[in-house]
Amino acid sequence: MIELDDVLVTAFSPDPAGDADRVVRLLGPVRLRLTERRIAVIGANGSGKSTLARLLNGLVLPASGSVRVDGLDTAVDGRAVRRRVGFVFTNPDAQIVMPTPLEDVALSLRRLPLTADERDAAARAALARFGLADRAEVPAHVLSGGQRQLLALASVLAVEPAILVCDEPTTLLDLRWRTVVDDLLDGLDQQVVVVTHDLDAAARADRVLVVDDGRIVHDGEPVEAIAHYRALMTALRA
Amino acid sequence: MSKPLRQPWAGPLGLYHPGTSVLHRCPPGAKLAGLAVAGIAVSLARGPVSAFVALAVAVLAQLVSRVPWHRTTRGLLGTLVAVSLVGLYQWWLRGWAAGFEVVLDIVALVLLATIVTATTRADALLEVLARLARPLRHVGLSPETFALACGLFLRTIPVLVQTSLEARDAARARGLERSPRAVLVPSAVRMVAHARATGDALAARGLGED
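Chains as they are written, first to last, in UniProt numbering: chain A, 1 to 238; chain B, 1 to 210.
Bear in mind the hints are in silico, worked out from the structure with no lab data behind them. Where hints are given, some of them may not hold.
Stated by the list, open to error - Examples of chain A residues lying across from chain B (beta carbon under 8 Å, computed):
1. ARG79
2. ARG82
3. ARG83
4. PHE87
5. PHE89
6. ASN91
7. GLN95
8. MET98
9. THR100
10. ALA106
11. LEU107
12. PRO139
As the list claims (entries may be wrong) - To list a few chain A residues with every Cβ distance to chain B over 12 Å, as calculated:
13. MET1
14. THR10
15. ARG230
Stated by the list, open to error - Take a look, some chain B residues computed to stay more than 12 Å from chain A by CB distance:
16. TYR16
17. LEU32
18. PRO48
19. SER84
20. VAL107
21. ALA147
22. VAL185
23. ALA197
C-beta atoms are modelled at their ideal positions from N, C-alpha and C, and glycine is treated no differently.
Here chain A stands alone, though its shape is the one from the complex:
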């Protein structure tokens, strides 16, 4: 279970009126209990969705309040939290660290007590699960965008985190790869929190959070949440 208690995230920002930077609120205050298996986070660009996602595995720490994952505080037990919470970014290029898919997945597995042969077998199995068995040893940079995102997912899920957080995992993908990634995410056993602009994907979630101007402005069933988001965007345009 993920718990956010009175979380506030702030940042320094240049003050056009003065010399000193001022402190601005990026997100909060947020109080949430996330227990559902599929949770979508939607909102406009710059609304605070990614900040919310990054809070969940300790990439961003709150200025006040606390974020706990299965009882572990991200500010205190960051390393343990990151072992429980996998994170997938929008751009897989930043996430793929090693030259080939097999080596990249194997790198994730280095933290497990496995022999080199076991690690190799586990990495190949993870790639096969994501349809990349025949691409295991080709240079990662020649994979298509969709394949690179699958590789990023395979590398994160190879160590079987309890929770997966995805920050717009399909934004850079075409319809075909978006469908492939969405289907994979839908079929996972893990609790999945997805930040997305894809309202079709959000509609399949158990719970949808709408973020606007650093606040959760709606939290509920997909149909009402998406309607709320649409109304919000319409109002902004008017």
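Once you've looked at the hints, dock chain B against the given chain A.
Showing chain B alone in chain A's frame:
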């Protein structure tokens, strides 16, 4: 008609090429030790004859590895241009024998290094590097982090090449193909952004935290 498009160059050290040759089966530590010995021998030996021998050994290793020539020679082209300039300078300074020696020595070592990375998985290389770096623990540096940094270096070369090519294309599209600034500045900015994003991704995967 133009030639078929080629994938961007992956870097001078090449990438792993699957195979079953003797060199593929050779332990990574032995290959790295062999490369180190070759480097020392090439530095100590004097004269163009020893340089020719070094190049012959490198070519023999290439043949034994059965890695396709284009995988290694493509990376060597850029090296050849740079080394030729150094060789010309040495020729002017110390005579033709020294010029040839420098060129052949460097080409032989780059070819050998390329063969080591082409016949060794990065994962296996990291294992050896982490083992070799164990003494670094005494100065507070994690061997795993050191090995990871080396792996990141290999991965970053093709990203750097791709970023530069994209920046060059963007400059061309704006009619700024003659402006080095229009290529260098966005390349540098994007590489810094890439480095930050990679740092975030490593942290998110819990890598380098040991």
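Structure-based check of all given hints:
Satisfaction of the interface hint for ARG79(A) is found here, the shortest Cβ-Cβ separation to chain B being roughly 5 Å, below the 8 Å cut-off. For ARG82(A), the interface hint holds, the least distance from its beta-carbon to any beta-carbon of chain B being 4 Å, beneath 8 Å. The criterion of a C-beta within 8 Å of any C-beta in chain B is met by ARG83(A), whose closest approach is roughly 6 Å, and the hint holds. Interface hint status for PHE87(A): upheld, as the beta-carbon distance to the closest one in chain B is roughly 4 Å, under 8 Å.
Of the supplied interface hints, the one on PHE89(A) holds, with its beta-carbon coming within about 6 Å of a beta-carbon of chain B, less than 8 Å. For ASN91(A), the shortest C-beta to C-beta distance to chain B is roughly 7 Å, which falls under 8 Å, so the interface hint holds. With a least beta-carbon distance of about 4 Å to chain B, the hint placing GLN95(A) at the interface is held under the 8 Å criterion. Hint status for MET98(A): holds, given a least beta-carbon distance of 5 Å to chain B, under 8 Å.
Below 8 Å, beta-carbon pairs count as interface contacts, and THR100(A) has one with chain B at about 6 Å; its hint therefore holds. About 4 Å separates the beta-carbon of ALA106(A) from the nearest beta-carbon of chain B, less than 8 Å, and the hint is met. Checking LEU107(A) against chain B: minimum C-beta separation of about 7 Å stays under 8 Å; hint holds. Restraint check, PRO139(A) versus chain B: the minimum CB separation of about 5 Å is within 8 Å; hint holds.
Every beta carbon of chain B lies more than 12 Å from that of MET1(A), the smallest distance being close to 20 Å; the non-interface claim holds. No beta-carbon of chain B is positioned within 12 Å of the beta-carbon of THR10(A); the least distance is around 19 Å. Once the 12 Å rule is applied to beta carbons, ARG230(A) is consistent with being away from chain B; the minimum gap is 31 Å. Not every beta carbon of chain A lies more than 12 Å from that of TYR16(B), the smallest distance being close to 6 Å; the non-interface claim is violated.
Against the 12 Å criterion, LEU32(B) stays outside the reach of chain A, whose nearest CB is about 16 Å from its own CB. PRO48(B), annotated as away from the interface, keeps every beta carbon of chain A farther than 12 Å; the closest lies near 35 Å. Consistency note on SER84(B): stated as away from chain A, and its beta-carbon is indeed over 12 Å from all of that chain's, at 28 Å minimum. Its beta-carbon lying about 23 Å from the closest one in chain A, VAL107(B) satisfies the requirement of being farther than 12 Å from that chain.
With a cut of 12 Å on Cβ distances, ALA147(B) falls inside the contact zone with chain A, its closest approach being about 9 Å. Listed as outside the interface, VAL185(B) is consistent with that label: its C-beta sits roughly 20 Å from the nearest C-beta of chain A, beyond the 12 Å cut-off. Distance check for ALA197(B) against chain A: the nearest CB is about 3 Å away, which does not clear 12 Å, and the non-interface claim fails.
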